[in-house]
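Undergrad: With the hints as extra help, turn the sequences into a complete structure.
These protein sequence lines map, in sequence, to chains P and Z. First residue of the first sequence: 1, per the working numbering; consecutive thereafter. First residue of the second sequence: 1001, per the working numbering; consecutive thereafter.
It should be emphasised that the hints constitute simulated quantities derived from the structure, not laboratory data. Because the structure is a prediction, the values reported are computed rather than measured. Incorrect hints may appear among the rest.
Unchecked claim - Each pair of labels, with its calculated beta carbon distance range:
1) Z:1154 with P:81: 36 to 46 Å
2) Z:1052 with P:85: 20 to 30 Å
3) P:86 with Z:1054: 53 to 63 Å
4) P:90 with Z:1176: 26 to 36 Å
5) Z:1083 with P:90: 50 to 60 Å
In this text, a Cβ means the ideal position worked out from N, Cα and C, and glycines have one as well.
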Amino acid sequence: MTVFKSAFIATALMMAAPVGLAESAETEQASNATQIIAKVNGMVCDFCARAVTKVFGKEDAVESVDVDLDAGEIRVALKSGATISDERVGELVKKSGYDLVSVLRDTA
Amino acid sequence: MSRFCHFLCVVLLTVFVGQSADARPVSYPDGWTIMQQNNGDFSSAHVHYSPTFQDSFGIYSERNWSSDWQFTGVQYNRLVKRWNTSDSQANLYFKLGAGQADAFGDGEESLAGFVDMSADWETRRWFLAYDARAYDLGFDQDFRQFARVGVAPYIGDYGDLHTWLMVQVDHDPESDTPVTATPLIRFFYDVQLLEIGYTPETDRFMLNWIIRL
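TA: Written out as C-alpha cells, the structure is:
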C-alpha cells in the first residue's frame, strides 16, 4: 500500500511539473516583455484610431501607445515590471472598435 | 395616410440602404464629441458622450434655413454594425432624436423627432458615405439625404495632418435647389476634423468641424 501511495504521488508530481513549468515560463515571458505589438483589423483612419491611444492609455501597465496605420499595428510600451495578458489586449482592442488578429511580445 | 406612408417608406429605405451623416457619430468609451455643421440649408450643433464605442447620446440643435424651422432635442446614436478588414472599415449607424420644433415666426412649439440611418466605408485611400434623415416636426415633415465620395491625395502616417478631397451630393426635396453637389476638402489632425466646401448651384459655403475630447 505504501508503494502504491508513493507511486501515486510520484505520478502526480510528474504530471503537474510540466504544467507548473509552462505557467512559470509564460509568466516570465509576460513580465519580461517591454513592448506588445497587437495586429488589428479595421484601423485605417487616424482620426478614429485615437480611440486606441485613449483606451490603452488608461491601463496602469501601459507606458505609451503608438499606432502604425500602414502595418495595422498597435505598439504598446509597458512600464517596467508591468504585465498585460493577451486576453486583456484583445478586450482593449475590441473596446477601441477593432478586431484583434494577433499579439506579439518584444522583450528587446 | 400618404404622409405616413411616405414617412414609413423613408424609414424603411434608410434602414435597408444605410448611411453616415455626421462623420463617426460615436466615439471611444468615455469620449465627448462636439460637432458643428453649416451649409446653405441648415446649421446644426451636436454634443454627445460615448459610454461605449457602440453608443453615444447627447443634445442636438438644428436651425433649418431652407424649410424655416428649428429643432432642439436629445439624440441617441448607435453603431449597428461594423465590418473590420485588414485594409478597410465599414460602419452602419442608427440615430434617433426627440425634442421640440418650431417654425420661424410661428411662435408655437411642437413635439418633434427624427430618425437617421447612415453608413460609410473607407480605406486609407477611398471613402464612401451615405446618410438619410427623416423628420416629423409636428407641423410638418422633412426628409433629406446625401452621398459622399472621397479620395486621399496622399497617405499620411499616424499623427500627420490628413487631407481628403470629397464631393457630396445632397438631395433635399424641400429646398429651393433640391439636388446640389458640393466639392469639399477635409482635414483632420489629432482629434480635430475640419471640412470646407462650396456649392456652386446655391453659391454657398460649407463649414463643418468636429472635436473629440
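Undergrad: Work down the list of hints and note, for each, if the structure agrees.
TA: Tested hints:
1. At roughly 41 Å, the beta carbons of residue 1154 of chain Z and residue 81 of chain P sit within the given window of 36 to 46 Å.
2. Distance hint check: the CB atoms of residue 1052 of chain Z and residue 85 of chain P are about 22 Å apart, consistent with the given range 20 to 30 Å.
3. The hinted window of 53 to 63 Å between residue 86 of chain P and residue 1054 of chain Z is violated, with their beta carbons roughly 23 Å apart.
4. For the hinted restraint 26 to 36 Å between residue 90 of chain P and residue 1176 of chain Z, the CB-CB distance of approximately 53 Å leaves it violated.
5. For the pair residue 1083 of chain Z and residue 90 of chain P, the beta carbons lie near 18 Å from each other, so the given range of 50 to 60 Å is not met.
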